[in-house]
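Going down the list, the sequences are from chains Y and X. For what it's worth, this note's numbering labels the leading residue of the first sequence as 1, then goes sequentially. For what it's worth, this note's numbering labels the leading residue of the second sequence as 529, then goes sequentially.
Just so you know, the hints here were simulated from the structure itself, not pulled from any lab data. Mixed in with the good hints, there may be bad ones.
Every beta carbon over 10 Å from chain X, so not counted as near; a handful from chain Y, in silico [claimed, not checked]: (1) Asp52; (2) Glu59; (3) Gln84; (4) Val156; (5) Thr193; (6) Ile199; (7) Gln207; (8) Ser240; (9) Lys246; (10) Thr264; (11) Met265; (12) Val285; (13) Gln297; (14) Asp369; (15) Glu432; (16) Phe493.
Lysine-lysine pairs mimicking DSSO-like chemistry, simulated, CA-CA at most 30 Å apart [unchecked claim]: (17) Lys608/X <-> Lys246/Y; (18) Lys584/X <-> Lys86/Y; (19) Lys492/Y <-> Lys584/X; (20) Lys492/Y <-> Lys533/X; (21) Lys246/Y <-> Lys533/X.
Pair by pair, the computed Cβ-Cβ distance ranges are [claimed, not checked]: (22) Ala550/X <-> Pro501/Y: 36 to 42 Å; (23) Ala439/Y <-> Ala550/X: 17 to 23 Å; (24) Glu554/X <-> Thr131/Y: 21 to 27 Å; (25) Ala550/X <-> Gln297/Y: 34 to 40 Å.
As the structure is a prediction and not an experimental result, all values here were calculated from the model. For every residue, glycine included, the Cβ atom is placed at its ideal position computed from N, Cα and C.
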Amino acid sequence: MLLHQSFLETSARVPRDVALICAARRYTYAELAQSVENLAAVLQGNGVREGDRVAIFLENGAEAVISLYAVLRIGAVFMLINPQTKTEKLAYTLADAGACCLISSQTLARVFVPALAQSAVIDTCVVVGGTIEAPLARLVGVLDFTAATESAASDVNVREPKLSDQDLAALIYTSGSTGEPKGVMLSHRNMMTAASSVISYLGLVAQDVTLAALPLSFGYGLYQVLMSFRLGACVVLEPSFAFPVKVLETMAAERVTVFPGVPTMFNQILSLDDPSRYDLSSLRVVTNAAAALTVEQIQRIRAQFPHAEFFSMYGLTECKRVSYLPPDQLDSRPASVGRGMPNQECWLVNEHDERLPNGSTGELVVRGDHVMRGYWGKPQATAERLRPGPLPGEQLLYTGDIFRTDADGYLYFVARKDDIIKSRGEKVSPTEVERALLALEGVSEAAVIGVPDPALGEAIKAYVVVQPGMRYREKQVIGHCQGGLENFMVPKFVEFVEALPKTPNGKIDKLKLRERNARVASSAATGE
Amino acid sequence: MRDIKRIVRDYIVENLLMGGQAEEVERATSFLTIGVLDSTGVVELVSFLEKTFDIKVLDQEMIPENLDSLANIERYINSKLS
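Using the sequences and the accompanying hints, generate a full structural model.
Have a look at this one:
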């Protein structure tokens with residue numbers, strides 16, 4: 001089945017049910033389906049065709065949800081881009097994907113207008129909340145989102161696209177070890193398969209009300225909508241978790257039953273003086289993914305939500321999800337993420353690609369219909385992750401993540417094969433941060449590592465070598481990075497060093513930097 | 529009387545600014561919308577306000593109506609100090 005078909009079928013089945021609650025506004029399935037149909041007709045009328053990439057650069061909200069389904073409805077491929085993305089990366093992403101259409105908002109014009117000027121590929125732009133002031137004569141069409149979703153927007157019906165579930169539904173951009181974001185190609189079948197498995201192990205039902213405060217540009221956030229709309233459930237969509245008290249009030253008022261979180265969010269809740277003042281007794285499922293929580297944090301979360309089952313999960317954009325720990329295993333194996341999910345196989349291999357028995361440590365390999373179709377336009381990067389499986393034409397995902405298993409096969413995360421840092425639930429490429437550091441005048445060398453941080457998962461620490469005669473304060477360097485990087489990529493710590501340690505072949509030795517950091521941390525802890 | 533707006537603006541520009549300019553901070557009707565603040569930024573801002581103005585920001589006061597623009601912050605701090 002196609003991803004949007006599941007939504008259209010739900011809309012036909014329960015048209016009057018509330019599908020989405022955003023900023024206190026309620027949208028029924030019928031309303032959303034009508035807006036989707038109208039926008040789809042307008043996009044098609046403006047030349048968007050099957051397989052074309054359409055970028056959606058919006059805050060979490062009804063507009064983003066309507067847009068993604070409208071794009072799917074005409075057989076095109078949606079790409080949700082984090083609204084915190086800066087101009088240069090946006091321009092890179094649009095060009096990399098060869099996107100022909102951009103859907104954004106007036107509030108983000110200062111970011112996307114200059115990106116459009118740099119990008120020769122976008123010919124249609126749909127803007128939420130008004131028009132754009134900058135002269136963009138090259139654009140064929142600049143459309144107002146509200147007008148495009150109204151019934152009178154197009155006098156022709158959507159032409160049924162030629163499409164199968166083998167076709168691409170989405171590109172999700174993710175950071176890679178090379179520093180260049182890569183577009184993960186996901187087919188309708190990939191996404192439907194992943195959604196089915198997650199729905200089944202979480203036991204989600206049509207009566208559920210899910211609080212989604214994770215960005216839709218992130219698979220973990222996006223799937224909350226995809227899964228709920230398939231079931232006919234309700235999503236309460238929040239633009240962020242910056243004001244946790246507001247979100248908790250909403251959760252109580254809407255009797256939310258499912259709360260998907262990341263460590264940063266849970267820490268915000270746990271640091272409130274009295275989180276129990278909010279009646280969250282309706283919660284029945286609480287999940288964590290993106291980064292690991294400590295066992296102590298898990299215990300505190302369970303104490304905070306005694307009515308809810310807690311699921312520790314592990315996944316990656318390239319296949320959405322791999323594993324979850326059944327809640328009845330939490331007491332005996334609190335640090336594990338389980339041993340896989342339904343309709344999928346996973347195992348560990350050594351460096352010779354030999355399958356390892358339980359009780360081993362190795363790279364996690366995943367087999368199933370949810371495994372991506374590769375990275376957009378990057379055959380070499382694809383070949384590093386996807387390798388032939390046991391059946392002809394089948395591809396296995398080599399995750400690049402190292403796990404160990406216990407005697408029963410339960411997985412415990414050990415380390416990333418490469419140096420990707422996970423901070424605030426987001427993947428950070430050290431290379432990307434290092435590039436920003438090196439762009440600062442007088443910085444001759446820079447290296448970035450992730451250091452353990454109870455609130456962020458990992459915090460970003462930068463080691464910087466400054467040319468003689470130049471002098472910076474830590475805050476100045478951080479301020480410089482804030483100008484060019486998304487928030488979650490900005491270093492929390494900057495240490496100035498005379499030189500960086502190198503390996504024999506001249507590469508920066510990050511292992512040495514990690515050891516140095518651990519030494520400093522332990523001497524600080526012991527008061528030495 | 530201290531210039532609350534200026535103190536807070538300077539702090540944000542120096543410590544939290546996510547790629548914007550001082551004028552943007554002054555003009556903003558919502559820090560969140562223009563990307564000045566994210567979750568961690570709010571936590572840092574609250575801790576700065578508590579230290580600088582010697583107040584205690586209660587859980588239920590950590591809301592956009594009190595913290596999401598310079599005007600809101602000024603109004604909130606004045607109400608706490610009075």
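Going through the hints against the structure:
| no. | hint | verdict |
| --- | --- | --- |
| 1 | Asp52 | 28 Å, holds |
| 2 | Glu59 | 7 Å, violated |
| 3 | Gln84 | 6 Å, violated |
| 4 | Val156 | 35 Å, holds |
| 5 | Thr193 | 32 Å, holds |
| 6 | Ile199 | 28 Å, holds |
| 7 | Gln207 | 30 Å, holds |
| 8 | Ser240 | 6 Å, violated |
| 9 | Lys246 | 6 Å, violated |
| 10 | Thr264 | 6 Å, violated |
| 11 | Met265 | 7 Å, violated |
| 12 | Val285 | 22 Å, holds |
| 13 | Gln297 | 16 Å, holds |
| 14 | Asp369 | 35 Å, holds |
| 15 | Glu432 | 15 Å, holds |
| 16 | Phe493 | 14 Å, holds |
| 17 | Lys608/X <-> Lys246/Y | 20 Å, holds |
| 18 | Lys584/X <-> Lys86/Y | 35 Å, violated |
| 19 | Lys492/Y <-> Lys584/X | 25 Å, holds |
| 20 | Lys492/Y <-> Lys533/X | 26 Å, holds |
| 21 | Lys246/Y <-> Lys533/X | 24 Å, holds |
| 22 | Ala550/X <-> Pro501/Y: 36 to 42 Å | 39 Å, holds |
| 23 | Ala439/Y <-> Ala550/X: 17 to 23 Å | 22 Å, holds |
| 24 | Glu554/X <-> Thr131/Y: 21 to 27 Å | 25 Å, holds |
| 25 | Ala550/X <-> Gln297/Y: 34 to 40 Å | 37 Å, holds |
In summary, the structure is inconsistent with hints 2, 3, 8, 9, 10, 11 and 18 from the numbered list given earlier, while agreeing with the others.
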